[in-house]
Amino acid sequence: MKSLIITALLFALIAAILPPALAGDPVIAVFITRDLEPHREALAGFREELRDEGIKAVWEEYHLQGDPEERSESARRAIKKEPALIFALGTSATRIAAQTTSQIPIVFANVLNPRASGLIGDYHGPNGNITGASLDFNPDELIALLDKLQPDSRRIGLIYRTSNFNGLVDDIAAALRSSGKELLSRRIDNLDGLNQAAEELLGRIDIFWMIADHHLFSHQTTRYLLLETMRRRIPFIGISPSYVRAGALFCLYWDSHDIGRQAGEAAGRILRGDNPAAIPISRPRKRNIHINYTVASNLNIEIPDSLIEEAAGSNR
Amino acid sequence: MNNLPRLFLVLFLFLLSLLIAPLYNSALGEEIGAEYPELSPEELAWIEIPEVITPARIAQPITEAPFSISIITAEEIHRSGLTNIPDILRRLAGVDVMALSPSDINVGIRGLNSTVSNTLLVMIDGRSVYMDFYGTTIWSTLPILLDEIKRIEVVRGPGSALYGANAFSGVINIITKTPEEQKDTLISASAGTKNTYRGTAITAGNIEDLGYKLSLGWKEEGFWEDSNRKALENLIANGNVNYRIDDEKELRFGAGVNSGKEYLSIEESQGLFKLDGYVTYFNASYLQPNLTILSYWNRGEADAKSERTEQKTNFLYNTYHLELQYALNNIPYNNLILGGSYRYNTMGSRTLDRGVHQNISAFFLQDSIYITEFLHFVAGGRYDYNSLIDDYRLSPRGSLILHPHPDQVIRLSVSKAYRDPTFLDTHFDFYGIIDPSHPEYTVHSLGNPELVPEKILAYEAGWSGLLTSFLKTRVDIFYNRIEDLIKGLIVSRYPVYPFFSREATFENTDDPIRAIGGEVGAEFRISEWLNGFINYSYQELKNTRTDEIVKSAPKNKLNAGLDASPWTGLSATISTHYVDETTWGSSLSGDQEIDDYILTNARLAYAINEPDLELAVSFFNLFNDKHREHPLGEKIGQRILFTLSCHF
Numbered sequence: 001m002k003s004l005i006i007t008a009l010l011f012a013l014i015a016a017i018l019p020p021a022l023a024g025d026p027v028i029a030v031f032i033t034r035d036l037e038p039h040r041e042a043l044a045g046f047r048e049e050l051r052d053e054g055i056k057a058v059w060e061e062y063h064l065q066g067d068p069e070e071r072s073e074s075a076r077r078a079i080k081k082e083p084a085l086i087f088a089l090g091t092s093a094t095r096i097a098a099q100t101t102s103q104i105p106i107v108f109a110n111v112l113n114p115r116a117s118g119l120i121g122d123y124h125g126p127n128g129n130i131t132g133a134s135l136d137f138n139p140d141e142l143i144a145l146l147d148k149l150q151p152d153s154r155r156i157g158l159i160y161r162t163s164n165f166n167g168l169v170d171d172i173a174a175a176l177r178s179s180g181k182e183l184l185s186r187r188i189d190n191l192d193g194l195n196q197a198a199e200e201l202l203g204r205i206d207i208f209w210m211i212a213d214h215h216l217f218s219h220q221t222t223r224y225l226l227l228e229t230m231r232r233r234i235p236f237i238g239i240s241p242s243y244v245r246a247g248a249l250f251c252l253y254w255d256s257h258d259i260g261r262q263a264g265e266a267a268g269r270i271l272r273g274d275n276p277a278a279i280p281i282s283r284p285r286k287r288n289i290h291i292n293y294t295v296a297s298n299l300n301i302e303i304p305d306s307l308i309e310e311a312a313g314s315n316r
Numbered sequence: 001m002n003n004l005p006r007l008f009l010v011l012f013l014f015l016l017s018l019l020i021a022p023l024y025n026s027a028l029g030e031e032i033g034a035e036y037p038e039l040s041p042e043e044l045a046w047i048e049i050p051e052v053i054t055p056a057r058i059a060q061p062i063t064e065a066p067f068s069i070s071i072i073t074a075e076e077i078h079r080s081g082l083t084n085i086p087d088i089l090r091r092l093a094g095v096d097v098m099a100l101s102p103s104d105i106n107v108g109i110r111g112l113n114s115t116v117s118n119t120l121l122v123m124i125d126g127r128s129v130y131m132d133f134y135g136t137t138i139w140s141t142l143p144i145l146l147d148e149i150k151r152i153e154v155v156r157g158p159g160s161a162l163y164g165a166n167a168f169s170g171v172i173n174i175i176t177k178t179p180e181e182q183k184d185t186l187i188s189a190s191a192g193t194k195n196t197y198r199g200t201a202i203t204a205g206n207i208e209d210l211g212y213k214l215s216l217g218w219k220e221e222g223f224w225e226d227s228n229r230k231a232l233e234n235l236i237a238n239g240n241v242n243y244r245i246d247d248e249k250e251l252r253f254g255a256g257v258n259s260g261k262e263y264l265s266i267e268e269s270q271g272l273f274k275l276d277g278y279v280t281y282f283n284a285s286y287l288q289p290n291l292t293i294l295s296y297w298n299r300g301e302a303d304a305k306s307e308r309t310e311q312k313t314n315f316l317y318n319t320y321h322l323e324l325q326y327a328l329n330n331i332p333y334n335n336l337i338l339g340g341s342y343r344y345n346t347m348g349s350r351t352l353d354r355g356v357h358q359n360i361s362a363f364f365l366q367d368s369i370y371i372t373e374f375l376h377f378v379a380g381g382r383y384d385y386n387s388l389i390d391d392y393r394l395s396p397r398g399s400l401i402l403h404p405h406p407d408q409v410i411r412l413s414v415s416k417a418y419r420d421p422t423f424l425d426t427h428f429d430f431y432g433i434i435d436p437s438h439p440e441y442t443v444h445s446l447g448n449p450e451l452v453p454e455k456i457l458a459y460e461a462g463w464s465g466l467l468t469s470f471l472k473t474r475v476d477i478f479y480n481r482i483e484d485l486i487k488g489l490i491v492s493r494y495p496v497y498p499f500f501s502r503e504a505t506f507e508n509t510d511d512p513i514r515a516i517g518g519e520v521g522a523e524f525r526i527s528e529w530l531n532g533f534i535n536y537s538y539q540e541l542k543n544t545r546t547d548e549i550v551k552s553a554p555k556n557k558l559n560a561g562l563d564a565s566p567w568t569g570l571s572a573t574i575s576t577h578y579v580d581e582t583t584w585g586s587s588l589s590g591d592q593e594i595d596d597y598i599l600t601n602a603r604l605a606y607a608i609n610e611p612d613l614e615l616a617v618s619f620f621n622l623f624n625d626k627h628r629e630h631p632l633g634e635k636i637g638q639r640i641l642f643t644l645s646c647h648f
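Going down the list, the protein sequences come from chains C and W. Each residue of the first sequence is one higher than the one before, starting from 1 at the first, in this note's numbering. Each residue of the second sequence is one higher than the one before, starting from 1 at the first, in this note's numbering.
In short, the hints are calculated from the structure, not lab data. It is possible that some hints are incorrect.
Within a straight-line C-alpha distance of at most 25 Å, the following computed SDA-like cross-link-like pairs (lysine to any residue) qualify [to be verified]:
id: 1; chain 1: W; residue 1: Lys183; chain 2: C; residue 2: Arg40
id: 2; chain 1: W; residue 1: Lys249; chain 2: C; residue 2: Ile301
id: 3; chain 1: W; residue 1: Lys472; chain 2: C; residue 2: Asn195
id: 4; chain 1: W; residue 1: Lys177; chain 2: C; residue 2: Arg40
id: 5; chain 1: C; residue 1: Lys286; chain 2: W; residue 2: Ile207
id: 6; chain 1: W; residue 1: Lys249; chain 2: C; residue 2: Asn300
id: 7; chain 1: W; residue 1: Lys472; chain 2: C; residue 2: Thr162
id: 8; chain 1: W; residue 1: Lys249; chain 2: C; residue 2: Asn288
id: 9; chain 1: C; residue 1: Lys286; chain 2: W; residue 2: Lys472
id: 10; chain 1: W; residue 1: Lys249; chain 2: C; residue 2: Ser306
id: 11; chain 1: W; residue 1: Lys183; chain 2: C; residue 2: Arg47
Which chain W residues face chain C? A few, computed with CB under 8 Å, are given here [unchecked claim]:
id: 12; residue: Pro41
id: 13; residue: Glu48
id: 14; residue: Asn290
From the three backbone atoms N, C-alpha and C, an ideal C-beta is built for every residue, glycine too.
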């Protein structure tokens, strides 16, 4: 009898200190390909959101590194453990997750242009097992800012290289059209065509709009386009504060921590039983405006007080 | 060239790795032309567009820089596993590094290196850290920890047009991380062979608009040939406070100290000099996009004692500096900067004829004129007045920068620079004992108030470009004419056996020196997990009158390195440096030859994320190629260092 009581007490003690997984908490596999600060912020936001929603989870982080085969193998090992959900940070991690499973729900965060990358078909009703928080601002938001900064601007120019961005370019063109503006875009096949495309385009546009085409933009090409637009006194819209520091007039930038929270909201819904395909891809709900006042001064652009206040508030 | 077979072996292995690595990466060559084909779109948003502050005193893309410049990033510093800045600089083409002991490493550029090297302007965040009384930088006394550094910018060639005296052979600007960039807390501890111990603690953060950074470090190391004797013991402490007034304006304050003991080899007859003292500073600056106001106070004090002759001396110096710079960039197609500075130096020492002080006032101007989209021109100059020599100098420079293709840049530059005589050159007064057993025989060294500044006229041409998405290359060639170099000369002799009592002074040399050379280098990405670099430098310095080669500058140098992150958490780096043979003159032994050598350093590290820990082992002189880098220097063998670091 005594040994039975001791055994029962030992079992009770083990149960108390067992990992929550054994007590039935869902396992969330976190996929990361690069250990970057924005990813850490998004992961913190994601965890915070689930905690606030009262969802306990067991976390398993997978740093998918090495060559493509090694990354896939790591992902396959993670899938074998049958997590309740995969939280993928960034385009590469989301792509690996999507290629590895079509069954386990995938929630992504910190993905810019998920449609151009082929991860989703549509923002409103993503297909299959994927949903998440994208970094794409609605083009209408940028156009509203343009109207405040350059109300007379009519022709917006854009250069890109990868055909995957055709859909994004069409969206921007449609949004500009509905605001009474026109998009002049040039797609180039290789960098040798950049000079000619810039020469043709920059003489005809009021504003240059950068999209995150990593096959076009390098340190050198960014410098070239910044210099050319500055020389012709054409405002350059960047994609992040580093481009604003380098000479772009302004950018809209997201809050990675809040992006993580937005992804956490989607994950919370899935863990409560919703179908990922029914959860729309979210866009950033918190925005930071970054303005290069030196460039604005060079271009004789007067920044409205409301924007200065918003930029100052968001950048603190 | 005794090391040629080993050099070829290293090169062969290096090239072999280049050939083999692609076999493990099918992605190689998929994308030609784009710099970041492997990045995802959001990562393109997170990369920092490189800006360079040093060449033009304003942030600008590296491709706009009017001079040959290289950057070493914080990541490269960390992954090198090296423990001092000069060793980190070895990887750069055109940079001469010469280690004599753990606390005595000299750096020069394009052949101008020596013991107590004094032709280089070294700054930390724009604050000069060379010692004005002789213009030398004692690297081990810098109040900075390697983990605080954001990047190191190295300009090859004179920079006097903007930075004034001492920017003679080049400029090294060490940029530290702001509190926002440092952000968290780092604790790191190292222990290794040769009684090497190091500790670092850095914490940084923000309280609303106030950023703060505190750092504390300890380093000690034994002599390489006798590690039971400490060659270096330093305590370093720094504090920084940044206050953001608004989005555009910022106030920055900093203070720090490096206190400890180190040894220097200055001259053969004196042997090692033990320095026991401190270097401290306080700086305050105001920044806004077009305006920078920088002020600082540097102070150093030390007791010095010759180990060979047991002669003692001391020094105490102060430098007060105020500088203002304004950028006028609302002129179409122009980017104009102008500014002025005032500097006040004082020094007291038993080795000087009296307490001395000096005023240096300066005005500088530089304009970048964008002529067409393919061509821009940079012209500028600086006017300096120096009360010590009661004279002024004008240091002009001009550069033509062409962009034949968005990925290519060609630079053509000409500049003139000066290095002023210092307190020691002009007011030295010291009886140096040659032989401790005959203290009656001395060399009486005297400063020379009639000295004129050293001059350099530099012509340079360079090309750099991105040949493919995985290969960046650069080629630079230079021609320098150097006049009026200041040398210590024996001017009189009295034949008293076995030594001569002598009188010595400093004089400007009559014979100009002609320096020609160049650097060629490449940085490449073999695969996503494997990067590398290779560069070669050639330099030849000749006396134009006698046509004799200045043998102290190694003619050929070759650097190569690989950096790999093959598996999660694991990283490995290796770098190898070949330095040609040199000959150095000395006061007692005459000319002494130093053989060529190969130095290979490596680091292996494993990191985990939660908690954020890293364990690393660093090998200095991995293959134990024992060598000296100067006749007065110690023999350098293999050293191993283990480091555990934690971020939280």
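Hint-by-hint comparison with the structure:
no.	hint	verdict
1	W:Lys183 with C:Arg40	holds, 14 Å
2	W:Lys249 with C:Ile301	holds, 20 Å
3	W:Lys472 with C:Asn195	holds, 20 Å
4	W:Lys177 with C:Arg40	holds, 20 Å
5	C:Lys286 with W:Ile207	holds, 22 Å
6	W:Lys249 with C:Asn300	holds, 20 Å
7	W:Lys472 with C:Thr162	holds, 23 Å
8	W:Lys249 with C:Asn288	holds, 19 Å
9	C:Lys286 with W:Lys472	violated, 38 Å
10	W:Lys249 with C:Ser306	holds, 19 Å
11	W:Lys183 with C:Arg47	holds, 21 Å
12	Pro41	holds, 4 Å
13	Glu48	holds, 5 Å
14	Asn290	holds, 7 Å
Hint 9 from the list above is the single one not met by this structure.
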